[in-house]
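Protein chains: 2
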Amino acid sequence: MKSVRASAPATVANVSCGFDIFGFAVASPADEVVVTLTDKPGVVIREIVGDDGRLPLDASRNTSGVAVIEFLKAIKSEQGAEITLYKHLALGSGMGSSAASSVAALVAINHLHGEPLSRKELLPFAMESERIACGSAHADNVAPSLLGGFVLIRGYDPLDVTSIPTPAGLFCTLVHPHLELKTEDSRRVLKATIPIKDAITQWGNIAGLVVGLMKPDFGLIGRSLKDVVAEPIRSVLIPGFDRIKEEAVKAGALGCGISGSGPTIFALSTDAATAQRVGEAMQAQFTDLKLKSDVFVSEINNAGAKIL
Amino acid sequence: MKSVRASAPATVANVSCGFDIFGFAVASPADEVVVTLTDKPGVVIREIVGDDGRLPLDASRNTSGVAVIEFLKAIKSEQGAEITLYKHLALGSGMGSSAASSVAALVAINHLHGEPLSRKELLPFAMESERIACGSAHADNVAPSLLGGFVLIRGYDPLDVTSIPTPAGLFCTLVHPHLELKTEDSRRVLKATIPIKDAITQWGNIAGLVVGLMKPDFGLIGRSLKDVVAEPIRSVLIPGFDRIKEEAVKAGALGCGISGSGPTIFALSTDAATAQRVGEAMQAQFTDLKLKSDVFVSEINNAGAKIL
Numbered sequence: 001m002k003s004v005r006a007s008a009p010a011t012v013a014n015v016s017c018g019f020d021i022f023g024f025a026v027a028s029p030a031d032e033v034v035v036t037l038t039d040k041p042g043v044v045i046r047e048i049v050g051d052d053g054r055l056p057l058d059a060s061r062n063t064s065g066v067a068v069i070e071f072l073k074a075i076k077s078e079q080g081a082e083i084t085l086y087k088h089l090a091l092g093s094g095m096g097s098s099a100a101s102s103v104a105a106l107v108a109i110n111h112l113h114g115e116p117l118s119r120k121e122l123l124p125f126a127m128e129s130e131r132i133a134c135g136s137a138h139a140d141n142v143a144p145s146l147l148g149g150f151v152l153i154r155g156y157d158p159l160d161v162t163s164i165p166t167p168a169g170l171f172c173t174l175v176h177p178h179l180e181l182k183t184e185d186s187r188r189v190l191k192a193t194i195p196i197k198d199a200i201t202q203w204g205n206i207a208g209l210v211v212g213l214m215k216p217d218f219g220l221i222g223r224s225l226k227d228v229v230a231e232p233i234r235s236v237l238i239p240g241f242d243r244i245k246e247e248a249v250k251a252g253a254l255g256c257g258i259s260g261s262g263p264t265i266f267a268l269s270t271d272a273a274t275a276q277r278v279g280e281a282m283q284a285q286f287t288d289l290k291l292k293s294d295v296f297v298s299e300i301n302n303a304g305a306k307i308l
Numbered sequence: 001m002k003s004v005r006a007s008a009p010a011t012v013a014n015v016s017c018g019f020d021i022f023g024f025a026v027a028s029p030a031d032e033v034v035v036t037l038t039d040k041p042g043v044v045i046r047e048i049v050g051d052d053g054r055l056p057l058d059a060s061r062n063t064s065g066v067a068v069i070e071f072l073k074a075i076k077s078e079q080g081a082e083i084t085l086y087k088h089l090a091l092g093s094g095m096g097s098s099a100a101s102s103v104a105a106l107v108a109i110n111h112l113h114g115e116p117l118s119r120k121e122l123l124p125f126a127m128e129s130e131r132i133a134c135g136s137a138h139a140d141n142v143a144p145s146l147l148g149g150f151v152l153i154r155g156y157d158p159l160d161v162t163s164i165p166t167p168a169g170l171f172c173t174l175v176h177p178h179l180e181l182k183t184e185d186s187r188r189v190l191k192a193t194i195p196i197k198d199a200i201t202q203w204g205n206i207a208g209l210v211v212g213l214m215k216p217d218f219g220l221i222g223r224s225l226k227d228v229v230a231e232p233i234r235s236v237l238i239p240g241f242d243r244i245k246e247e248a249v250k251a252g253a254l255g256c257g258i259s260g261s262g263p264t265i266f267a268l269s270t271d272a273a274t275a276q277r278v279g280e281a282m283q284a285q286f287t288d289l290k291l292k293s294d295v296f297v298s299e300i301n302n303a304g305a306k307i308l
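Chains as they are written, first to last, in the UniProt record's numbering: chain A, 1 to 308; chain B, 1 to 308.
Keep in mind that the hints were calculated from the coordinates and are not lab data.
Treat the numbers as computed from the prediction; the structure is a model and nothing was measured.
C-beta atoms are modelled at their ideal positions from N, C-alpha and C, and glycine is treated no differently.
Don't take every hint at face value.
[Claimed, not checked] Within a straight-line C-alpha distance of at most 30 Å, the following computed DSS-like cross-link-like pairs (lysine-lysine) qualify:
| id | chain 1 | residue 1 | chain 2 | residue 2 |
| --- | --- | --- | --- | --- |
| 1 | A | Lys250 | A | Lys197 |
| 2 | B | Lys76 | A | Lys215 |
| 3 | A | Lys120 | B | Lys215 |
| 4 | A | Lys215 | B | Lys120 |
| 5 | B | Lys191 | A | Lys191 |
| 6 | A | Lys197 | B | Lys76 |
| 7 | B | Lys306 | B | Lys76 |
[Stated by the list, open to error] Covered stretches of chain A (chain B as the covering partner; in silico rule of three or more C-beta atoms under 8 Å from a C-beta of chain B):
| id | segment |
| --- | --- |
| 8 | 15-27 |
| 9 | 81-95 |
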């Protein structure tokens, strides 16, 4: 039967000031899948490599499985699929692990069926699998993983997704400490209301970030990478956060913040060497706290998920 | 003595979703001043035309006077100035009336002194006169009146002001009902905290508006021109608001909202004829409510204040 291998990248949701509406894709790490068409209906997860047996093999409870089930339903296919999932993204890391798996599977199954749907049309299926993974059908990881680059989710009713041009030479450092935070838990610590003063600061910054990216104006990007809403609350869950952020900026980063709901921390820099140095400075802080961590340095990934 | 005439345009602050951080300038109406250098120190308001005697002639209590006083102090001038102010903007209209007077005076006095300061450097003086006029040194009217076009005030500490490219062919309709709202009163009705859900909607929209302007993407501009924070509260002070907004969009406007703190209502359209038609539709609603109103239609003013 026809078979294809696809990969979908890690993503940074929120990007400090863009809580719940903004995200971007990096080049690595990325999840991979091999999807094979089957003659009989039904979706089977054949194997998951790299999750230490923690993810469900039941397709209806696995994000890659749910995405493919929803896709096949939508195109009224009578065929089924088998999925092998190679997890390279750590679970509960804040790098969009669940999103990467479902997006890779979607891009693969769409390819096997001759690309009946555009990347944007695949979004609702990926969002549906986010609902399975973390309780709400948010798009700030799946959209950049599918579309690449920086993506704005203006609103959900109806879904309004826009790609934002990425300035050349923007590099991301991800430092993932070996801790695990569940998005649900991390959302629970947020407050239901916020001071209007903070809200105004936040929307000044997200507007500044978008203008900075589009002009481009790296200084403005740096000044805008501030989060007065989620970070002050969530950063308490990440040991050494304030110090790490300080060290990242001291090492030359434009700015630094929590990737998604954490504990991974991201930083943006204007060249690869700085991004590497920033990663070392950040990791050194975790090492001081006796926390192991992984560092990933890559350019912003403008292509998103791809067929391998 | 040396004398010069200058004008500064009306402005739309907030622009629906950009509460307190965003504004743009229109071509008309505009305030005018004639400023004359004097040999002895001190600033004198010689005459104000068009205010029905309502604005203070005491320079230290008049926005144009305060701006010039602050400017002369900053450049350590030993000369003084006489100001004649031609008010074309209605007071308490939500079109940046106080800002236009101070900006016109500043541009004039800066010109008379050989332009020692850039437009951006004039901003703090204009902001100081906003403090006199409405109790807080906000920049969302003075910045676009000085700089022209759309202006983002990312933050105040320190002041961070960025001009945003205006797409060609964007027209503004202003409809000013003969009512008066004081910015202070209009601010007082706002709540000190807002639901985080509304805050997220608002920053999705301001990001969308900025992306829409810069791409440009007129559909996205229209979808983003929504205010879930100030408009639902402030619009109650403007008779017929919801209906007027509906009629504006029905007549072809991209979107419509309160200009500054009101009661003037603005709409954006993609050509002059539509902007005119939108104005007529909006005015007809006020007329139905037995309210007189003025309609102003003009292209976005990218130049801002000017020497005449």
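The hints, checked one at a time:
{"no.": "1", "hint": "Lys250/A / Lys197/A", "result": "holds (28 Å)"}
{"no.": "2", "hint": "Lys76/B / Lys215/A", "result": "violated (37 Å)"}
{"no.": "3", "hint": "Lys120/A / Lys215/B", "result": "holds (19 Å)"}
{"no.": "4", "hint": "Lys215/A / Lys120/B", "result": "holds (19 Å)"}
{"no.": "5", "hint": "Lys191/B / Lys191/A", "result": "holds (16 Å)"}
{"no.": "6", "hint": "Lys197/A / Lys76/B", "result": "violated (36 Å)"}
{"no.": "7", "hint": "Lys306/B / Lys76/B", "result": "holds (24 Å)"}
{"no.": "8", "hint": "15-27", "result": "holds (count 6)"}
{"no.": "9", "hint": "81-95", "result": "violated (count 0)"}
The structure shown violates the earlier hints numbered 2, 6 and 9.
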